[in-house]
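Peer 1: Each chain, letter by letter, is given below.
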Amino acid sequence: GAGVSQSPSNKVTEKGKDVELRCDPISGHTALYWYRQRLGQGLEFLIYFQGNSAPDKSGLPSDRFSAERTGESVSTLTIQRTQQEDSAVYLCASSVDSGGRFYEQYFGPGTRLTVT
Amino acid sequence: RKEVEQDPGPFNVPEGATVAFNCTYSNSASQSFFWYRQDCRKEPKLLMSVYSSGNEDGRFTAQLNRASQYISLLIRDSKLSDSATYLCVVNVMIKAAGNKLTFGGGTRVLVKP
Chain A
1 GAGVSQSPSN KVTEKGKDVE LRCDPISGHT ALYWYRQRLG QGLEFLIYFQ GNSAPDKSGL
61 PSDRFSAERT GESVSTLTIQ RTQQEDSAVY LCASSVDSGG RFYEQYFGPG TRLTVT
Chain B
1001 RKEVEQDPGP FNVPEGATVA FNCTYSNSAS QSFFWYRQDC RKEPKLLMSV YSSGNEDGRF
1061 TAQLNRASQY ISLLIRDSKL SDSATYLCVV NVMIKAAGNK LTFGGGTRVL VKP
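Chains as they are written, first to last, in our numbering: chain A, 1 to 116; chain B, 1001 to 1113.
Hints in this document: simulated from the structure, not taken from any laboratory.
Treat the hints with caution; some may be incorrect.
[Unchecked claim] With a straight-line cut-off of 30 Å between C-alpha atoms, the simulated DSS-like cross-links for lysine-lysine are: (1) Lys1045(B) / Lys57(A); (2) Lys1042(B) / Lys57(A); (3) Lys1002(B) / Lys1045(B); (4) Lys11(A) / Lys1045(B); (5) Lys15(A) / Lys1042(B).
Given the structure is predicted, the values throughout are model-derived calculations rather than measurements.
Model the full assembly from the supplied sequences, consistent with the hints where possible.
Peer 2: Right under this line is the structure:
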């Protein structure tokens, strides 16, 4: 079946512009995560959506970052007034994640963001 | 101190040799542990879960030491295709139906002929 998809795959933007990144999770997956991975670094948790619960935004680095999710489907991560330090690969993952038990997270291919 | 720490490597391994590396975690409330594999410019993929009693999957063996708060991964009979970055992942349940994964920075393994 279809995996997690993300778009665009690459985005080059000028400093100060807003960008919107999209994630389509695997159908039926109630949990959706956004991570950031800078070059040569580990994954940095940004935000987590689980069903209809309030999202866990504890990883968002600043108020320039926001994310939304429509039901249990598409999510968009928005970065306003981009800065050069925002350059990274933004990874989305989804999982079944219910009942307090951990289920494997499936990652999308990521969006590579370059801020010039 | 980082929540999850790994030796970044690289570990240069002759083909056919055995390599092992550890990952330490700081949160004693951590409940479950995993190794993910990430190839260059690709997304991470689950390699194996780590169980309290230790577990083996083919050439890969994972162990957990809760007292010392570390997990380990051992790769036997290394193949060229094992070259990748291995991410240590620690899970803390953040609410009744939620999980938060914390990723280590990864250990890079290069298997050479």
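Peer 1: Compare the structure with each hint and give your call.
Peer 2: Status of each hint after checking the structure:
no. : hint                    : in the structure
1   : Lys1045(B) / Lys57(A)   : 24 Å, holds
2   : Lys1042(B) / Lys57(A)   : 25 Å, holds
3   : Lys1002(B) / Lys1045(B) : 22 Å, holds
4   : Lys11(A) / Lys1045(B)   : 23 Å, holds
5   : Lys15(A) / Lys1042(B)   : 26 Å, holds
Hint check: no violations occur; every hint is consistent with the structure.
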